[in-house]
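Construct the complete structure from the given sequences, taking the supplied hints into account.
In the order they appear, the protein sequences are chains A and B. Here numbering that gives the first Met the number 0 is used: the first residue of the first sequence is 0, the next is one more, and so on. Here numbering that gives the first Met the number 0 is used: the first residue of the second sequence is 0, the next is one more, and so on.
Hints in this document: simulated from the structure, not taken from any laboratory. Treat each hint with caution, since some may be false.
Quick look at which bits of chain B chain A covers, simulated, 3 or more residues with Cβ under 8 Å [claimed, not checked]: (1) 36 to 42; (2) 80 to 89; (3) 93 to 101; (4) 193 to 205.
Values in this document were obtained by computation on a predicted structure and should not be read as measured data. Where a beta carbon is used, it is the ideal one built from N, C-alpha and C, also for glycine.
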Amino acid sequence: MSTPTADLAGHTTEAEHEAHHGPTDGQFFTIFWVLVVLTALEVSTEWWDEWFGESSRKIAVPLLIFLMVVKFFLVALYFMHLKFDQPMLRRIFWFGAIVAMAVYGGTLTSMNFWEDSGTTRFNDPPPALDRPAEGGSDAAVEPGAGSGQTTADGGS
Amino acid sequence: MADVTFDELSAGELPAEAHPTATGISNEKLSMWVFLASDCLLFGGMISTYLVYKNRPGEIEGLAGSDLKVSELFDIPFTSMTSFILLMSSLTMVLSVNAIVRKDVARMRLWLVATSILGGLFLGGQVYEFTEFVNHGLGFTTNVASSAFFGLTGLHGVHVAAGVIMLLVTTGLSFRRRIHPEAVEVVGLYWHFVDIVWVLIFTVVYLIP
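This is the structure:
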């Protein structure tokens, strides 16, 4: 169901015009240039190894995450008007964003992502089971054998 | 467009410009925000999938493939330029919203078209990047990492394409009927969200080693 005031064919009133609170064009330009500078700083980290040596990598990654969060908030609060809109909209958006971070943070943690050393440890198929196979031999049984399973998902 | 508080609604003291809904927010704007919140989960899943697989091309048993890493083919200066283009499109989008609030329809159209062009340029850059990757032997099915990468950035590209269509439709409609400022604002919300997602992808996928 459509609300009358949001109809494309609706017209603006003086009250609506005055009620529009948010940054001016000039303020938007300022925010834009701040975003450009932050992006330039982010991109520059790509060459920090050459300029400042390998050790700069320890600073670069936390800085990149910090700059990403700052840019995220600048766009959400000012360009998307969250700072000036009704609190309910803020709650809806932050709820989605926080749930996403929690769910996928948990998922990555459960997959040992934070301890990642580039090995296949958490995507390896489970080791062969050490139990007698059919026919009485003591050969190890491959997991999923005879059950129609494949290792296409890494055996997880 | 002023919103109305619950107390004002209960007391029946509604400002003239308030939305006649229980929340005081138009259904269109509210549904866009709910959609964007749910889209966070979609992109969160795609980004997580890429993070899990990015260092494991060709190493997972049962998923044979090339061991070529996506990150070996990144062209950071080029991707930085397309990121700048998308950032600039967010600026033109807010200028468009401000223009329609001032009832300056001509300028609103100008900024909407500018935003569409910038979105088109970003998409062109993405197509070029994908073509380069394929030319270097990295396709969608080359390995799990490339599938995750193309899935993530391709999904973002689809969002950008949908946004460009929304911008062009809004511009076209403005020639036939009067456009309500909130209609442009809702399209803008979607566009800025696409920009926000790219802010995350650019850092997490391209810049963090």
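Cross-check of the supplied hints:
| no. | hint | verdict |
| --- | --- | --- |
| 1 | 36 to 42 | holds (count 6) |
| 2 | 80 to 89 | holds (count 5) |
| 3 | 93 to 101 | holds (count 6) |
| 4 | 193 to 205 | holds (count 7) |
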